[in-house]
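Enquirer: What follows is each chain in one-letter form.
Protein chains: 2
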Amino acid sequence: MIQIAVMGYGTIGSGVVEVLEINRDSIARRAGEEIAVKYVLDLRDFPDDPIQKKIVHDYQEIVKDPQVRIVVETMGGVEPAYTFVRAMLQAGKHVTTSNKALVAEKGAELIALAREKNVNFMFEASVGGGIPIIRSLNSCLTADEVEEITGIVNGTTNYMLTRMSEEGMEFGDVLREAQAKGYAEKDPTADVKGYDACRKIAILTSLVCRQQVDFEDIHTEGITNISAVDIRYAKAMGRRIKLLAASRKVEDGYVALVAPCMLDASHPLYNVNDVFNAIFVHGNVLGDAMFYGSGAGKLPTASAVVADVVEMAKHLDVNIAVDWSLGKLELVDHRRLRSRFFVRTAADRDAVGQAFGTVEFVTVEGITDECGFLTQEMSGTEYEERAEKLGGILQMIRVQ
Amino acid sequence: MIQIAVMGYGTIGSGVVEVLEINRDSIARRAGEEIAVKYVLDLRDFPDDPIQKKIVHDYQEIVKDPQVRIVVETMGGVEPAYTFVRAMLQAGKHVTTSNKALVAEKGAELIALAREKNVNFMFEASVGGGIPIIRSLNSCLTADEVEEITGIVNGTTNYMLTRMSEEGMEFGDVLREAQAKGYAEKDPTADVKGYDACRKIAILTSLVCRQQVDFEDIHTEGITNISAVDIRYAKAMGRRIKLLAASRKVEDGYVALVAPCMLDASHPLYNVNDVFNAIFVHGNVLGDAMFYGSGAGKLPTASAVVADVVEMAKHLDVNIAVDWSLGKLELVDHRRLRSRFFVRTAADRDAVGQAFGTVEFVTVEGITDECGFLTQEMSGTEYEERAEKLGGILQMIRVQ
Numbered sequence: 001m002i003q004i005a006v007m008g009y010g011t012i013g014s015g016v017v018e019v020l021e022i023n024r025d026s027i028a029r030r031a032g033e034e035i036a037v038k039y040v041l042d043l044r045d046f047p048d049d050p051i052q053k054k055i056v057h058d059y060q061e062i063v064k065d066p067q068v069r070i071v072v073e074t075m076g077g078v079e080p081a082y083t084f085v086r087a088m089l090q091a092g093k094h095v096t097t098s099n100k101a102l103v104a105e106k107g108a109e110l111i112a113l114a115r116e117k118n119v120n121f122m123f124e125a126s127v128g129g130g131i132p133i134i135r136s137l138n139s140c141l142t143a144d145e146v147e148e149i150t151g152i153v154n155g156t157t158n159y160m161l162t163r164m165s166e167e168g169m170e171f172g173d174v175l176r177e178a179q180a181k182g183y184a185e186k187d188p189t190a191d192v193k194g195y196d197a198c199r200k201i202a203i204l205t206s207l208v209c210r211q212q213v214d215f216e217d218i219h220t221e222g223i224t225n226i227s228a229v230d231i232r233y234a235k236a237m238g239r240r241i242k243l244l245a246a247s248r249k250v251e252d253g254y255v256a257l258v259a260p261c262m263l264d265a266s267h268p269l270y271n272v273n274d275v276f277n278a279i280f281v282h283g284n285v286l287g288d289a290m291f292y293g294s295g296a297g298k299l300p301t302a303s304a305v306v307a308d309v310v311e312m313a314k315h316l317d318v319n320i321a322v323d324w325s326l327g328k329l330e331l332v333d334h335r336r337l338r339s340r341f342f343v344r345t346a347a348d349r350d351a352v353g354q355a356f357g358t359v360e361f362v363t364v365e366g367i368t369d370e371c372g373f374l375t376q377e378m379s380g381t382e383y384e385e386r387a388e389k390l391g392g393i394l395q396m397i398r399v400q
Numbered sequence: 001m002i003q004i005a006v007m008g009y010g011t012i013g014s015g016v017v018e019v020l021e022i023n024r025d026s027i028a029r030r031a032g033e034e035i036a037v038k039y040v041l042d043l044r045d046f047p048d049d050p051i052q053k054k055i056v057h058d059y060q061e062i063v064k065d066p067q068v069r070i071v072v073e074t075m076g077g078v079e080p081a082y083t084f085v086r087a088m089l090q091a092g093k094h095v096t097t098s099n100k101a102l103v104a105e106k107g108a109e110l111i112a113l114a115r116e117k118n119v120n121f122m123f124e125a126s127v128g129g130g131i132p133i134i135r136s137l138n139s140c141l142t143a144d145e146v147e148e149i150t151g152i153v154n155g156t157t158n159y160m161l162t163r164m165s166e167e168g169m170e171f172g173d174v175l176r177e178a179q180a181k182g183y184a185e186k187d188p189t190a191d192v193k194g195y196d197a198c199r200k201i202a203i204l205t206s207l208v209c210r211q212q213v214d215f216e217d218i219h220t221e222g223i224t225n226i227s228a229v230d231i232r233y234a235k236a237m238g239r240r241i242k243l244l245a246a247s248r249k250v251e252d253g254y255v256a257l258v259a260p261c262m263l264d265a266s267h268p269l270y271n272v273n274d275v276f277n278a279i280f281v282h283g284n285v286l287g288d289a290m291f292y293g294s295g296a297g298k299l300p301t302a303s304a305v306v307a308d309v310v311e312m313a314k315h316l317d318v319n320i321a322v323d324w325s326l327g328k329l330e331l332v333d334h335r336r337l338r339s340r341f342f343v344r345t346a347a348d349r350d351a352v353g354q355a356f357g358t359v360e361f362v363t364v365e366g367i368t369d370e371c372g373f374l375t376q377e378m379s380g381t382e383y384e385e386r387a388e389k390l391g392g393i394l395q396m397i398r399v400q
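Respectively, the protein sequence lines represent chains A and B. Residue 137 in the working numbering sits at position 137 of the first sequence, with consecutive numbering throughout. Residue 225 in the working numbering sits at position 225 of the second sequence, with consecutive numbering throughout.
Hints in this document: simulated from the structure, not taken from any laboratory. There may be inaccurate statements among the hints.
[Claimed, not checked] Below, in silico cross-link-like pairs of lysine-lysine (DSSO-like), each with a Cα-Cα straight-line distance of 27 Å or less:
1) A:K314 to B:K38
2) B:K38 to B:K64
3) A:K193 to A:K181
4) A:K298 to A:K314
5) B:K38 to B:K193
6) A:K249 to B:K298
7) A:K193 to A:K298
8) B:K249 to A:K298
9) A:K117 to A:K38
10) A:K117 to B:K298
11) B:K298 to B:K54
12) B:K181 to B:K193
13) A:K235 to B:K235
14) A:K314 to B:K314
15) A:K249 to A:K181
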């Protein structure tokens, strides 16, 4: 029997305990031994929950118990998770986490520490919830150079954009609805401003380029300025607006970007709706691939955490190499990326033509006091120059 | 340096050699050592190809060379691939294959032999080409009980159905076009009759239920009787016809089936077009997930083979457990599956009502000499009874 500890008995932590119970037998068969939860670390007590008898309030109790070989961290946030996880690795325990903030900031360091201690630090659940994208990048797509990763990695904003698209609702209304349904938090900043997606693409990009990508370096736009009018333009073009977190290999490095983007119906991510997540990957020999699933939620995320527990149980004395070094990667300026741009401006068509040359004008019934158009493909830098020349810009959304 | 041999220098085999060349450095880094092709086994000679100096005609040369630790089998067909692969495993060499016929028929036996010899037998490329579905089932979704797998796993038929849907073409015309483009073979039987998809779902089902599922036991319908008229009905309902290979856990076992199916726009597989493949998986805790990519083609398939080579290079002295025993699983009768059915009949609406009760009639402009309708959900057995009562059945397609 392998004893484990769970740090943080919130949504994901309690989901981990539940999944270990629901699929006890098949998990034991795959892990080679039964997995038993010995401790649950939480500040709170749960007097009406059978878990109470496993609750501890001091992480040192877990650190000091040599019976605990594997620790699950589902507390969220960088501190005190970082201190606790470090201590567990130092004590020779394997750790898996669902905590994207911790992984984005301290991933490389914790991977190095795990290697030093001949244990594993895993984080499948930190990106894409139940979608096995981390293990796919580390263990499956090993014959490829990954040249592009583009993901819908935030369920809250994807739900909101889907509702705005289906119902013609405004951002504020759909946010209130999402909060009422529990799909958005009371303080939705991290989701709607793109900060959550930013940390996730930082993790994925670090794994692809095998160096530390600091999330602060990634140009990040959220969906707060996406309006019902934008959605109407998108529909008129047969497109959908999605919040994409993307990174791309360019000649001299990598570009990363989080921004709303217009996709046409032929793009594999076009049909990823509601709270679902999906990650599109282009490999230099594999070509296009996509991984789709529940990007959040108690059980799907816990499923990914427990899959890490099984993997670690099978490798109790083996460090599985993860290629993510502490050396920092300087990203290439995102304005180097070439795309088409959808623009709304208060300027007239003549002015648009003078600034942008040949464009494709888009008309939407009932919208007459502005001018919407699609540019030719150009770099972000070129777009900015031309937009400044034009003036009166009301909105710009990249097109893929 | 790790020496390998490639058996079969056809499309996939030469793709493997090419991928090892294209991504030599990154593959070496991930494998821990450089991978070098020492032999290529083929009956033919390739006098104008630099590969000629590695060509051998007798597999025993490879068997007898202890320097060769890993062997790639890309010959196709059960024999002589089976004899060769067995000999390689017996000699303590790891083997990866892209050969679905071999894996479907002899997978359990070769896995057992590999375990006995403490080497690995891997077959990522045998299903879904470059899509890492085998490794996902074996190593990623380990916290779940997989309750359903539904795949578009044959690129040829998916291309044909896409073209029929887009262009209103008839089966025969689109087959000729697919053959001209190299998407269908001169003898297209294995693809269009569903035999290829059948072997693939046999492999996936075996991995899920951990027992041997004989492909001969799987009820298999191809797409040869799908007509332009069927496509017009599907369109009238906002649906698409896809050849699905599916297996589902039921109360007392597993059901497996290969058949054309009508999907509506909300199904994750609805938008999988052209030669792309995708595999939808439902896990009891994960919920819905989907894996999408190039299901065939030289480099994508070779990418999956080489990923196996990397995995084996990292586990030269370790057998990675694969849970697929020799014990045969008796499948549950596919007629137990419940679904709605789309039916075309020469009978009139009154007769339809008498046989099937409440149905949804479907009308297509210009089609007046027959009656198309959607049944309520029922079992396949119930459908058959009612269809016999009705008579004059022109077509039946399951609906998901």
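Enquirer: Would you mind marking each hint as holding or not holding in the structure?
Expert: Checked hints:
no. : hint             : in the structure
1   : A:K314 to B:K38  : violated, 33 Å
2   : B:K38 to B:K64   : holds, 13 Å
3   : A:K193 to A:K181 : holds, 20 Å
4   : A:K298 to A:K314 : holds, 24 Å
5   : B:K38 to B:K193  : violated, 39 Å
6   : A:K249 to B:K298 : holds, 23 Å
7   : A:K193 to A:K298 : holds, 23 Å
8   : B:K249 to A:K298 : holds, 23 Å
9   : A:K117 to A:K38  : holds, 22 Å
10  : A:K117 to B:K298 : violated, 41 Å
11  : B:K298 to B:K54  : holds, 20 Å
12  : B:K181 to B:K193 : holds, 20 Å
13  : A:K235 to B:K235 : holds, 21 Å
14  : A:K314 to B:K314 : holds, 15 Å
15  : A:K249 to A:K181 : violated, 38 Å
The structure is inconsistent with the numbered hints 1, 5, 10 and 15, although it conforms to all the rest.
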